[in-house]
Amino acid sequence: MTIDAWLQAAIADAERRGLPDLKPVLETLAKATTALRAADFNQSAVESRQSSVEGRRP
Amino acid sequence: MMTIEEFSRRLRAGEITSTQVTEECLRRIEADNARLNAFTLVMADEARRRAREADKEVASGTDRGPLHGVPISIKDIIDIRGVPTTASSRVREGHVAERDAPVIAHLRQAGAVLVGKTNLHEFAFGTTSEDSAFGAVKNPHDPGRSAGGSSGGSGASVAAGMALASIGTDTGGSVRIPAGVCGTVGLKPTLGEVSIDGVVPLSRTMDHVGPLTASVADASLVYHALLGDARTAPPVPMPMHGLRLAVPRKYFCDLLDDEVRARFDAALDRLRAAGAHVDEIEIRHAADIAPVYLHIVLSDAAAYHAHTLETMPDRYTPAVRLRLEMGRYVMAEDYVRALAGREVLAREVDAALAQHDALVLPTLPIVAPPIGAATVEVGRGREPVRNVMLRLTQLFNVTGHPAVSIPAGPTSSGLPCGVQLVGCRHQTDVLLKVALACEPQITGVSVPRGGTSGG
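Protein chains in written order, with numbering that gives the first Met the number 0: chain W, 0 to 57; chain F, 0 to 454.
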């Protein structure tokens, strides 16, 4: 799920639950999740484990 | 306020009794707790009884070790048999602990006198100890400012002489942060060393139990007692000449209050002058620390609180409820990413320590923030208080490395700030040897602290 799609769904769910104050909090979480997904320690299916993790060891 | 070391020496010399010092702590609680709000429960009767027993034992030649007869406060998130564990939350109304947490049992075995339970940020989920069913904890150095958190009552109780030590918990910095802003020592041991059974969890994978004390030697004594090893004397300080310290400037010193930076740099100058080698290093992926920490702590906390968020949501303070609700929206794939990041960060800190005895960095980028402040001015802009207060401590909860905060002297406004030393995993005692050696240089006080100072 993309972060945009997740954020829209999460805000809608929070409003449905009577928690509109969650919106700014969820937007903060979305920024943190964006940063987490952008981190270069993340692996993808086209990488080998050794090249993505071990290769960066000091 | 005296140190535990001094108390212990004078107790055995017959100069003081546990009853006298316990009464003095209770007198200070009586005088100042209404102002500071440090305690949720004062256990005066039990403390007096235990102190009398400790004195009788000393008179009869029984010696339980360095904590014998020492008045200690306990964060109200740790079970003490027969009294409530409130976690400073109305959610816990009616709870009474059926048994002592193992750390409490160890303290009793060591002869400690439990004077009461201390206020905290609700469920340990905050850095200011403002969101509490018992009201905000006030900083003894300026009651208009936060005592830090989440173990704010613990920090205030030691700084105000209401106890000679306190037991706190640290999931993102909750021992070191109040220690830093209250001007005490705070030790977070290696992850998993000290039992967290009988402790209300915030994140089972990052929770630690640790002491707040007046000195590093005292922290060592209490740490060993928490392990069930009450007779261990403080370690011998590591020689300063040749000590290898590493400062991670990038990220960790990018965003600092000018006065905190000045105190930190002055401490580094004193360490160099005393013979330490101080190198500058970089911890890669440091910019990813906060997202990794956030996704783990939110998920762990939300899982524990899911049921009560549904059944009694109005019993939470509004801010803590929102934070916990946020955790219920973390996606599984992102939690797994955070776990992967955790492994990478742990290796990065291991690598940074491979050629050094300890990392050295400020404990917090700021002094104690005003109570009620949502943001604080630091560097060239304003930042959220919570983010700033966690910025320099949370990494070592993610990675599990032991870390100790030592007072670095007051700023020009008279507010404390701290310097943090970080050691290798599973080598908390080695870190304490380094900390004992560095303590005079970090504090800027050349004689042993605690004799007549503190408070």
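The hints are simulated quantities; they were obtained by calculation from the structure and are not laboratory data. Ideal Cβ positions, reconstructed from N, Cα and C, are used throughout, including at glycine. Check before you lean on any hint, since a few could be wrong.
[Unchecked claim] Using C-beta positions, here's what the derived DEER-type ranges look like:
1. F:V429 x W:V45: 40 to 48 Å
2. W:P23 x F:H425: 36 to 44 Å
3. W:A34 x F:H425: 24 to 32 Å
[Stated by the list, open to error] Which chain F residues stay away from chain W? Per the calculated CB distances, all over 12 Å, these:
4. V95
5. R248
6. P312
7. A318
8. G326
9. D333
10. R424
Going through the hints against the structure:
| no. | hint | verdict |
| --- | --- | --- |
| 1 | F:V429 x W:V45: 40 to 48 Å | 42 Å, holds |
| 2 | W:P23 x F:H425: 36 to 44 Å | 41 Å, holds |
| 3 | W:A34 x F:H425: 24 to 32 Å | 30 Å, holds |
| 4 | V95 | 32 Å, holds |
| 5 | R248 | 17 Å, holds |
| 6 | P312 | 9 Å, violated |
| 7 | A318 | 10 Å, violated |
| 8 | G326 | 9 Å, violated |
| 9 | D333 | 5 Å, violated |
| 10 | R424 | 16 Å, holds |
In the structure shown, a violation is registered for the earlier hints numbered 6, 7, 8, 9, in ascending order.
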